[in-house]
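Asks: Following the hints, complete the assembly by docking chain E onto the known chain R.
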Amino acid sequence: ETGVTQSPTHLIKTRGQQVTLRCSSQSGHNTVSWYQQALGQGPQFIFQYYREEENGRGNFPPRFSGLQFPNYSSELNVNALELDDSALYLCASSLQQGYNSPLHFGNGTRLTVT
Amino acid sequence: GNSVTQMEGPVTLSEEAFLTINCTYTATGYPSLFWYVQYPGEGLQLLLKATKADDKGSNKGFEATYRKETTSFHLEKGSVQVSDSAVYFCALRGDGNNRKLIWGLGTSLAVNP
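Order-wise, the sequence lines are chains R and E.
Taking the numbering used here, the leading residue of the first sequence gets 72, the next gets one more, and so forth.
Taking the numbering used here, the leading residue of the second sequence gets 71, the next gets one more, and so forth.
With the rest of the complex left out, here is chain R (with noise of 0.2 angstroms):
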């Protein structure tokens, strides 16, 4: 089966700039969830699409915002760049909306803001 899959793998973007990343879920999983991690930090959940409509966020503001298509594949938008954007982002599928599911990660878009 194939794993999760995420775009680009590295980016960097100016301060003010937009930004948007993909990911592939699973084959079968409906449910994708994004997540931030600093350099050295666990990650931060931002926020997790289950059938196509967002249904969980995390702390962050509303410059970050997210599609889910009818394959269950996703999108993190991030508007207005600030330096503090500089993370990793990760993407994380699931079979279903169930808190027994486990998560699978892609390796993360790695993204730098100047």
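Hints are computed from structural coordinates only; laboratory data are not their basis.
These figures come from a predicted structure and were not determined experimentally.
For each residue, glycine too, the CB sits at the ideal point set by N, CA and C.
Incorrect hints may have been included.
Claimed, not checked - Pairs of lysine to aspartate or glutamate, EDC-like flavour, derived with a Cα cap of 16 angstroms:
{"hint": "1", "chain 1": "E", "residue 1": "K170", "chain 2": "R", "residue 2": "E124"}
{"hint": "2", "chain 1": "E", "residue 1": "K138", "chain 2": "E", "residue 2": "D165"}
{"hint": "3", "chain 1": "E", "residue 1": "K170", "chain 2": "R", "residue 2": "E125"}
{"hint": "4", "chain 1": "R", "residue 1": "K84", "chain 2": "R", "residue 2": "D156"}
{"hint": "5", "chain 1": "E", "residue 1": "K122", "chain 2": "E", "residue 2": "E133"}
{"hint": "6", "chain 1": "E", "residue 1": "K130", "chain 2": "E", "residue 2": "E86"}
Claimed, not checked - To give an idea of the interface, some chain E residues facing chain R are shown, with a C-beta separation under 10 angstroms as derived from the structure:
{"hint": "7", "residue": "Y106"}
{"hint": "8", "residue": "G111"}
{"hint": "9", "residue": "A161"}
Replies: Here is chain E on its own, set in the frame of chain R:
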């Protein structure tokens, strides 16, 4: 709210040494507990999990037991290898439909030959 506290690193061990990484949690209800591992340059991988009290998760020689009385989920391995060098994260998920994981800060492990 829910939270996870894990021991600070870095932890440096010699090959074949015994490993313990402590993890304690605060949560209401009946959370599930996880250990994830992140190898250099890679994403997070589920190492093991436990979904109820007294459950023992195990994988690749690593073990952790869900102790509700001490609110702990310590990671152990009897004999570490150089290939175990990575960052280890303890995480918790509450007993609801939101799949949000609460993470510890991670513990870096370096195993020397």
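Asks: Hint by hint, which ones does the structure fall short of?
Replies: Going through the list in order, the structure violates no hint and respects every one.
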